[in-house]
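Number of protein chains: 2
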Amino acid sequence: MNYKVIFLFLFSTLCRADDGYRLWLKYDLIKDAGQRASYARSAQLIVLNSTRPVLKTAAEELQTGLQGLLGKPIPIVASAAGKTGSIILTVNPGQPQLNDEGYQILNRRNTITITGKTDSGVLYGVFALLRHLQTRQSIAQLSLTSSPKIQHRMLNHWDNTDASIERGYAGESLWKWYELPERIDPRYREYARANASIGINGTVVNNVNASSRFLTAEYLQKVASLANVFRPYGIKIYLSVYFPAPKTIGGLKTADPLDPEVNQWWTDKANEIYKLIPDFGGFLVKANSEGQPGPQDYGRNHADGANMLAKALAPHKGIVIWRAFVYKADGKADRFKAAYDEFKPLDGQFEKNVIVQVKNGPIDFQPREPFSPIFGTMPQTPLGMEFQLTQEYLGFATHLVYEAPIFKECLESDTYVGGKGSTVAKVIDGSLHEYKLTAIAGVANTGSDRNWTGHPLAQANWYAFGRLAWDHTLSAEALANEWVTMTLTTEPTSAKTVTDLLLKSREIYVNYNTPLGLSRPWTGVHFAPEPWQNRSSRPDWTAVYYHRADSVGLGFDRTVKGSHALAQYRPEVQRQWSNPETCPLPYLLWFHHIAWTKKLSTGRTLWDELCSRFYSGADSVGAMQKQWASVKKDIDPETFANVAGRLVTQQKEALWWRDAWVLYLQEFSKQPIPAPFKKPERSLKEVKELVEIYQLR
Amino acid sequence: MNYKVIFLFLFSTLCRADDGYRLWLKYDLIKDAGQRASYARSAQLIVLNSTRPVLKTAAEELQTGLQGLLGKPIPIVASAAGKTGSIILTVNPGQPQLNDEGYQILNRRNTITITGKTDSGVLYGVFALLRHLQTRQSIAQLSLTSSPKIQHRMLNHWDNTDASIERGYAGESLWKWYELPERIDPRYREYARANASIGINGTVVNNVNASSRFLTAEYLQKVASLANVFRPYGIKIYLSVYFPAPKTIGGLKTADPLDPEVNQWWTDKANEIYKLIPDFGGFLVKANSEGQPGPQDYGRNHADGANMLAKALAPHKGIVIWRAFVYKADGKADRFKAAYDEFKPLDGQFEKNVIVQVKNGPIDFQPREPFSPIFGTMPQTPLGMEFQLTQEYLGFATHLVYEAPIFKECLESDTYVGGKGSTVAKVIDGSLHEYKLTAIAGVANTGSDRNWTGHPLAQANWYAFGRLAWDHTLSAEALANEWVTMTLTTEPTSAKTVTDLLLKSREIYVNYNTPLGLSRPWTGVHFAPEPWQNRSSRPDWTAVYYHRADSVGLGFDRTVKGSHALAQYRPEVQRQWSNPETCPLPYLLWFHHIAWTKKLSTGRTLWDELCSRFYSGADSVGAMQKQWASVKKDIDPETFANVAGRLVTQQKEALWWRDAWVLYLQEFSKQPIPAPFKKPERSLKEVKELVEIYQLR
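If you read the sequences in order, they're chains A and B.
If you want the numbering used here, it's the 1-based position in the first sequence plus 107.
If you want the numbering used here, it's the 1-based position in the second sequence plus 107.
Hints are computed from structural coordinates only; laboratory data are not their basis.
Heads up, some of the hints might be wrong.
One copy or two, either will do: identical chains are not told apart, so a pair holds if it fits within one copy or between any two.
As the list claims (entries may be wrong) - Under the rule of at most 20 Å between Cα atoms (straight-line distance), these lysine to aspartate or glutamate pairs were calculated in the EDC-like manner:
#	residue 1	residue 2
1	Lys-795	Glu-325
2	Lys-360	Glu-796
3	Lys-733	Glu-289
4	Lys-382	Glu-168
5	Lys-163	Asp-386
6	Lys-792	Glu-325
7	Lys-611	Glu-584
8	Lys-360	Glu-799
9	Lys-424	Asp-471
10	Lys-418	Asp-366
11	Lys-515	Asp-607
12	Lys-739	Glu-289
13	Lys-733	Asp-607
14	Lys-785	Glu-774
15	Lys-424	Asp-226
16	Lys-759	Glu-289
17	Lys-354	Asp-375
Between the sequences and the hints, there should be enough to build the whole structure, so can you do that?
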């Protein structure tokens, strides 16, 4: 070896191979020479006859990927000059079968053509082809056509000006506001690459609890500099806006959406933004929610507020994404019903470029929620989906929870609004009500941690969200396997094992955390168990408000005898869920107050079933550890150790959750822990003391 | 090339070469084959006949370093078996010339012997030898002897339980408390390596505004797991403690240091800690300071508080580091005098294992301060030094400020307490008053940013601090050059240019920020200029309290006609500083209220001199950019671009500072901006509006 080779060898050992920074875009050399040769037959050249930025990105990404996978440089040329074995990137606005961002990939006689109707379509096609190679599929007769089912596929970052992230568990914000616009962190581009590779085309860079700063000229320059990095990847930038900004930074006396001066201020602001960022996406708004000001402060409604902003953005083709996450501080009311009650009456009153963004469930990103009853009930108002990728209620960065099953569960729920088969997916992809505007957002789980997501396997949630946003018919299993193969190991048996681990992880979490439809038993920062919590700054921010444990039983009665929230669903849904005998067990305590001794469909009483879930859930984490240990030989050592360590923490905390729940609920049920489970070794007092430690200032 | 070579090549390009993670421990191959061969003659084998952890670390670090630099594997063997060309690591407790942690390196006939009195001494010797190679010095006749002048060389981390860092500008905390003790981030070890390589042997992992959590059994396990990582690198762990912990977690009714139950609680707690961490370093305490509770809450004094803790730690050889950073919320008093007034009367009253930690200057880590008058005035009480590495008042992570000149300026200040030459360094290294205990601490500038310190060149501050803590006689220039050569480039001309850039950076910053002895003109978060700030929750937390601008002039009169803080210094110092004609210009406004029209030793009036400094300071940032541009060819591209971007931000902000000061002070001085400088293009109102943006919620 000459010194250069030695150097590289040493360098590569000094530099951590798998710190997770490369995500699923690793492009490590394909070890099987035959497979490399087979792929290489169709990958001698990349042909692109354009210098438009997104197409240039597409060609360069393809070059980078192929070079890594095949181990040789692939030139980009303007014309194939009759040579076969090339990959041709081409835009054809007349292409049938595709929508604006779709792509077609065809391999004919070892020449691959990637066609899009737009430049972005070509870029997505490139990543699809690379994914094919990364997952070692044949490309010999490749014929792929795919178009996104939803137009706006976005990440929402709850990132603050001081670089903290509300509900972030993977370091600080990716955006270095103090350095922008002068210094562009190379990571911004890596972020854009990763998103483009899974079809995400929009990003809201700041927290919905928004700072006025972002609308000042000073910060808009910073935002514009990020937009410049994202643009070649087909990604538009959006801002969360602080509704009273006309007062806080505009010097006006009011932010009343019907005030002409306020309207003018927003119009001027929109014009200013689009001068800097011609393809600016629009505004995301949290208003009259959890203390955030909004139009109701002036006696106006959500439509008044949204429409004012919409009119300011409309000339520039910008959109308003108005959040339906609203509820009053009323301990007597049922928070479940709040969003529906406030928004349904406004159906049809919103401007055309407004979309109402609804969380998947009626409360707040719980480990399991029934679908929000708003879906399907606003046929004249585009409704967008808001999922949460960051694990606010899913164990932060120490619990393994693969979220695609959560997303799928909601998307495949049947609203029955247009008869059987009227799934939530069909609401939000616009097919049910012919929405002209469709959107889906994931609250990002990214941060400045080197591996982006804290828990290495949480990258799969970002990945699966993007892929589902593109095509919600993909299965959670297929996406898990895809991600594992691209990211962790191409060895099929181990890939299958890890896929299995991912797939079962959410149910295991639910079992030890919130089984049978329990919800919100967390401490203030949403870290530790606190089902006994009964005091708070708001009556609806206590645990007991949600679980309603008493000497009789457990659960929130939302039937006609209770809050009657079930009335917000279609009769077909109501019929099934309002009867405790037919209500699916996972939703049981969401809708019913069930007696401790009531026998469930499992043959066990409620109390015994609860215990069974808490215990088996906690035990399953041990099984997950064994399963993970079995793939050690096929996983990078640093990644392996990282996950293994987190699983140990998860085990410890799963037991904590189990003990907190059973010991607390036992005070109401007065029942023994059923065999074969053993009484927790610690007392409720000890569990509480441990919880208190994590709340000490 | 075979595929492995191709793989490595590709891998190394995908993996960022110089993201700064490796700090100064890069060990890239020495390009000059002749030099490699010359070094290799004395580096065929590493000989170590021990399995003790610190010695094992020493051998492995030597192996890693040599392997990188020389490009070949170097075996570690138990005996040289008569072969020459080996490096022998050996401990000799009887070694003369050395103190406990010192080392001797001798090369005789191509066999190098690294001797320490202790295992740690050998480790430090190993890093010294590697440094020699990294800076390309001859080792043919090597004969090096070095012992640290100060015993406890520490970093203080102001890190909180939620991973935020008080005054941190390089990401979140390195310590992942939610993952500990189960998952050990590989970064903890890298942190220990870096510290050991520069002689740091202690680390306080949590904020002086301390959480009680760290003293709970739950958190002590986490702390112990970090201690286990640090131990093989000769680093002890310390904790900041919350003085009322006996109440908050002990369930006692009081934290009175004279209460027997309280004493017993601390004794028990110390015993509990040492059971988990046998080499635990001790406690750092901020008490009765900025709202932190302390012994004065019970009518006791600082000695009472410190001694109680000291007695609990003494059986285990732990120490108490008690901070002297105290001052009252009194707008009439002079904060300058507070620490001296409170602590000097306590001299001689502290237990033997207490050291009082004093900030370098009397106020709070300003860009330039005179030395704290406490140094030298407590001969019976060991005084430790507290420097700040994180750039709280030095422009966060976007301003280049090499801090060794700040440290040296203080260390070389003459207190005159034992006659001429009684420098601050001689106080804190114990030589002046024969302290049995010596310590120096740097408030860390590290965080989870990949490059550890945010600004790539701020690594030099960590490096220089450690090296000066070991030997305060080293020059700022030598250390800068050492760091640059090890970290950025071995090309001598470029290394010299960057060294020069580092050396002048602090004075440039002072010029545009706080020239002639100005202080504390910052906004609340210490980011932007706010010399006009006159309202605050405390009267002594305003800018006008410090600069005292009025129609007559500027500056804080601390002479006999003013607060008479100068009386806290020895007569020799007083004589020079109390006379504005002989007071050094850098300290002028620290001690004198000077008329705007007063002619200074520069030949300019105060007003003209101020303007000259503000303008030339801001202009110098432009010159720094040019200088940096000139070394481009010898610097890694990512690092180059990173620094270049930050220098642009610094330029912008330097102009901001300049304009804020001159426009604001002009309202008092009523003088024109002197030629050749041009009036700022913006108004004071515009400057204020920009500042307000950075204070918007």
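**Study point:** Within, between, both or neither, where Lys-163 and Asp-386 count as close if Cα-Cα is 20 Å or less
**Key:** within (18 Å within a copy, 59 Å between copies)
Practice item. Can you give me the call for Lys-733 and Glu-289, within, between, both or neither, at a CA distance of at most 20 Å? Key: between (49 Å within a copy, 16 Å between copies)
Point to revise | Within, between, both or neither: Lys-418, Asp-366 at alpha-carbon 20 Å | key: within (13 Å within a copy, 69 Å between copies)
Check your understanding: When no copy is specified for Lys-795 and Glu-325, does a C-alpha distance of 20 Å or less occur within a copy, between copies, both, or neither?
Key -> For Lys-795 and Glu-325, the Cα distance is within 20 Å only across copies (13 Å; inside one copy 47 Å).
Check your understanding: Is it within a copy, between copies, both, or neither that the alpha carbon of Lys-785 lies no farther than 20 Å from that of Glu-774?
Key -> within (17 Å within a copy, 78 Å between copies)
Point to revise | Intra- versus inter-subunit Cα pairing at 20 Å for Lys-515 with Asp-607 | key: within (16 Å within a copy, 60 Å between copies)
Review point. Given a CA cutoff of 20 Å, do Lys-360 and Glu-799 count as a within-copy pair, a between-copy pair, both, or neither?
Key: between (45 Å within a copy, 18 Å between copies)
Practice item. Up to 20 Å between alpha-carbons, please classify Lys-424 paired with Asp-471: within, between, both or neither. Key: Intra 31 Å, inter 52 Å, cutoff 20 Å: neither.
Review point. Between the shortest in-copy and the shortest cross-copy C-alpha distance, which are at most 20 Å for Lys-739 and Glu-289: within, between, both, or neither?
Key: Answer is between; shortest inter-copy Cα gap is 18 Å, intra-copy 44 Å.
Check your understanding: Is the C-alpha distance from Lys-424 to Asp-226 at most 20 Å within one copy, between copies, in both cases, or in neither?
Key -> This pair counts as within: shortest intra-copy Cα distance 19 Å, inter-copy 69 Å.
Exercise for review: Evaluate Lys-360 and Glu-796 at a C-alpha cut-off of 20 Å and name the case that applies: within, between, both or neither.
Suggested key: So Lys-360 and Glu-796 pass the 20 Å test across copies only (18 Å; inside, 49 Å).
Check your understanding: From the Cα coordinates, with 20 Å as the cut-off, is the pair Lys-759 and Glu-289 best called within, between, both, or neither?
Key -> between (45 Å within a copy, 9 Å between copies)
Checked against the numbered hints above, the structure violates hints 4 and 9; every other hint is satisfied.
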